[in-house]
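Trainee: All chains, please: the whole structure from these sequences, using the hints.
One letter stands for each residue in the lines below.
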Amino acid sequence: MKPAPFEYLRPRTLHEAIAALAHDDAKILAGGQSLVPMMNFRLVSPERLVDINGLSDLATISETGGSLRIGALVRHAQAARDPLLARHLPVVAETMAHVAHVAIRNRGTIGGSLVHADPSAEWPLLVRLLDGVLELLGPDGQRAVAPEDFFIAPLVTDLAEDEVLTGVLLPVPDPDMGMAFDEVSLRAGDFAMVACGANVMLDDGRIASARLAFGGLGDVPLRMEAVEAALVGQTPDAIAGIVADCAEGLDPNEDMHASVAYRRRLAPVLARRVLERAAGRAGGRT
Amino acid sequence: MIDITLTVNGEEMTGRAESRMLASDFLRDVLGLTGTHVGCEHGVCGACTIRLNGTTARSCLLFAAQLEGAEIVTVEGLGSPRKMHSIQEAFRRHHALQCGFCTPGFLMTVAEILETETLETDAEIREALSGNLCRCTGYEHIVRAVRDLVNERDGVAA
Ligand SMILES: Cc1cc2nc3c(=O)[nH]c(=O)nc-3n(C[C@H](O)[C@H](O)[C@H](O)COP(=O)(O)OP(=O)(O)OC[C@H]3O[C@@H](n4cnc5c(N)ncnc54)[C@H](O)[C@@H]3O)c2cc1C
Ligand code: FES
Ligand code: FES
Chain A
3 MKPAPFEYLR
13 PRTLHEAIAA
23 LAHDDAKILA
33 GGQSLVPMMN
43 FRLVSPERLV
53 DINGLSDLAT
63 ISETGGSLRI
73 GALVRHAQAA
83 RDPLLARHLP
93 VVAETMAHVA
103 HVAIRNRGTI
113 GGSLVHADPS
123 AEWPLLVRLL
133 DGVLELLGPD
143 GQRAVAPEDF
153 FIAPLVTDLA
163 EDEVLTGVLL
173 PVPDPDMGMA
183 FDEVSLRAGD
193 FAMVACGANV
203 MLDDGRIASA
213 RLAFGGLGDV
223 PLRMEAVEAA
233 LVGQTPDAIA
243 GIVADCAEGL
253 DPNEDMHASV
263 AYRRRLAPVL
273 ARRVLERAAG
283 RAGGRT
Chain B
31 MIDITLTVNG
41 EEMTGRAESR
51 MLASDFLRDV
61 LGLTGTHVGC
71 EHGVCGACTI
81 RLNGTTARSC
91 LLFAAQLEGA
101 EIVTVEGLGS
111 PRKMHSIQEA
121 FRRHHALQCG
131 FCTPGFLMTV
141 AEILETETLE
151 TDAEIREALS
161 GNLCRCTGYE
171 HIVRAVRDLV
181 NERDGVAA
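Residue numbers (the numbering used here), protein chains in the order written: chain A, 3 to 288; chain B, 31 to 188.
In short, the hints are calculated from the structure, not lab data.
Treat each hint with caution, since some may be false.
As the list claims (entries may be wrong) - Straight-line C-alpha distance at most 20 Å; calculated SDA-like pairs for lysine to any residue: (1) A/4 <-> B/123; (2) A/4 <-> B/43; (3) A/29 <-> B/58; (4) A/4 <-> B/74; (5) A/4 <-> B/181.
What the hints assert, rightly or not - For each label pair, taking beta carbons as the anchor points, the in silico distance ranges come out as: (6) B/168 <-> A/18: 47 to 53 Å; (7) B/182 <-> A/18: 46 to 52 Å; (8) B/110 <-> A/282: 50 to 56 Å; (9) B/110 <-> A/154: 50 to 56 Å; (10) B/150 <-> A/18: 43 to 49 Å; (11) A/15 <-> B/46: 26 to 32 Å; (12) B/31 <-> A/89: 34 to 40 Å; (13) A/158 <-> B/184: 25 to 31 Å; (14) B/125 <-> A/259: 37 to 43 Å; (15) B/187 <-> A/188: 32 to 38 Å.
From the three backbone atoms N, C-alpha and C, an ideal C-beta is built for every residue, glycine too.
Mentor: Take a look at the structure:
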């Protein structure tokens with residue numbers, strides 16, 4: 003239960019951090035809330051740790067041209083009480099309440115969550131739901147990646163070994179858009195068995211557009227495009243019927259907490275709950 | 031080996047550690063502060079919870095090297111047997127501990143959530159404490175102790 007030896011580096015700039023990653027077996031240390039348990043179990047034993055906690059430029063949230071930019075080092079607790087996010091994307095605070103426990107939310111970062119890419123984690127689902135863009139910086143410069151290309155498999159992403167995730171851009175939605183998130187987990191703060199987020203725009207009491215995404219039902223966060231299309235033009239009372247079979251054809255993983263059948267059963271329950279709540283929050287004309 | 035200078039419970043301290051040494055082991059074995067307990071070493075049990083620069087953190091998920099320049103509060107910084115902190119006193123009053131293994135972590139968590147959370151209902155208290163495991167008490171008495179502290183804080187008669 004103790005990590006193997008490693009070299010510890012604490013770069014003072016992003017460029018130093020990227021230079022420090024030019025090594026066969028280096029890893030970034032952010033909040034350490036996923037990496038350090040794995041090191042303690044010796045599931046991973048990197049030879050070099052590059053501690054980015056000193057890079058305070060990465061720990062800010064700002065508004066830039068129609069988007070909110072969340073730095074990779076923003077902690078879950080910081081996102082939960084940020085006033086800009088509260089104004090434009092209140093679903094973030096609603097979601098953060100489900101991420102782990104107080105002490106872990108104080109340390110864990112959005113960047114670490116996205117790169118760790120647990121299929122049940124909340125941030126990957128949110129970034130998929132909200133059409134976020136991930137900003138990666140490497141020795142050859144910067145690139146922007148969409149979540150559908152970033153998340154490849156459980157714990158596997160498109161990030162190269164010498165790249166740093168610097169932040170995420172989330173477009174500011176229409177103020178009339180209703181958003182909601184919910185999940186089912188064994189205990190408060192445990193990883194979700196199934197997690198679900200939705201956005202709804204109403205027009206004249208009917209659904210003008212909808213978004214539905216799941217975590218925990220596949221290898222990566224899933225967007226349910228067929229359900230989204232079927233919802234358009236319907237009134238919110240049609241939601242329950244439309245989502246009833248939404249887990250059909252999905253092949254979720256089984257673990258000691260939830261069987262495949264149970265996860266499939268949770269999907270329409272959560273989809274209905276979250277879509278109805280999002281519709282109730284949508285500010286369109288009724 | 032890395033030299034580390036930090037402030038612990040208001041006092042400047044120094045120690046040496048290998049880069050792989052966990053902060054929990056550093057506090058216990060190098061600085062001799064054994065109040066911080068080590069249960070699971072993977073972030074689940076909460077026994078090792080300390081305050082790091084004002085907010086709670088798992089000391090088993092931090093490396094000692096990360097404590098350079100940090101301000102740490104451990105359970106020793108809350109109070110002493112002769113002069114207990116009001117949180118410790120509430121735990122004593124409500125029998126909120128049996129073996130006491132989990133207690134330092136609970137005390138540190140409670141110290142933070144009393145500052146940051148409304149804790150209006152017992153369900154909220156239980157949720158805020160969900161990151162600390164206790165194998166003895168069944169939590170009921172811990173919740174009662176926290177309820178008492180919240181009432182005291184909010185000026186509400188029990
Ligand atoms: C008991 C417990 C319960 C938890 N419950 C939940 C939960 O319910 N939901 C949830 O989502 N998470 C949960 N977590 C995980 C937690 O949210 C982590 O904080 C998160 O997954 C990883 O973030 P981190 O900053 O701690 O990353 P670290 O652990 O520091 O790093 C994780 C990985 O990401 C890499 N990395 C980190 N930052 C960057 C970057 N900027 N660029 C490139 N690579 C980077 C690291 O090299 C490492 O491979 C839990 C953790 C614990 C211990
Ligand atoms: S010992 Fe740190 S959380 Fe269990
Ligand atoms: S009092 Fe024994 S584990 Fe909590």
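Trainee: Does each hint fit the structure? Answer for all of them.
Mentor: Right, here's what the structure says about each hint:
For a cut-off of 20 Å, the pair hint linking residue 4 of chain A to residue 123 of chain B is broken: about 37 Å separates their Cα positions. Proposed proximity of residue 4 of chain A and residue 43 of chain B is contradicted: the alpha carbons are some 24 Å apart, above 20 Å. About 27 Å separates the Cα atoms of residue 29 of chain A and residue 58 of chain B, which puts this hinted pair outside 20 Å; it is violated. A C-alpha spacing of about 16 Å is found between residue 4 of chain A and residue 74 of chain B, which places the hinted pair at or below 20 Å, so the restraint holds.
Annotation: proposed proximity of residue 4 of chain A to residue 181 of chain B is violated, straight-line Cα distance about 41 Å (limit 20 Å). For residue 168 of chain B and residue 18 of chain A, the Cβ-Cβ distance of about 50 Å falls inside the hinted range of 47 to 53 Å, so the restraint holds. Roughly 49 Å separates the CB atoms of residue 182 of chain B and residue 18 of chain A, a value that falls within the hinted 46 to 52 Å. Separated by about 53 Å at the C-beta atoms, residue 110 of chain B and residue 282 of chain A satisfy the suggested range of 50 to 56 Å.
In this structure the hint that residue 110 of chain B and residue 154 of chain A lie 50 to 56 Å apart at CB holds, the actual value being about 53 Å. Our hint of 43 to 49 Å for residue 150 of chain B and residue 18 of chain A holds, since their Cβ atoms are close to 47 Å apart. Here the CB-CB span from residue 15 of chain A to residue 46 of chain B is close to 27 Å, well matched to the stated 26 to 32 Å. Checking the proposed 34 to 40 Å range against residue 31 of chain B and residue 89 of chain A shows it is violated: the Cβ atoms sit about 48 Å from each other.
For the pair residue 158 of chain A and residue 184 of chain B, the beta carbons lie near 48 Å from each other, so the given range of 25 to 31 Å is not met. Distance hint check: the CB atoms of residue 125 of chain B and residue 259 of chain A are about 32 Å apart, inconsistent with the given range 37 to 43 Å. About 36 Å separates the C-beta atoms of residue 187 of chain B and residue 188 of chain A, a value consistent with the hinted range of 32 to 38 Å.
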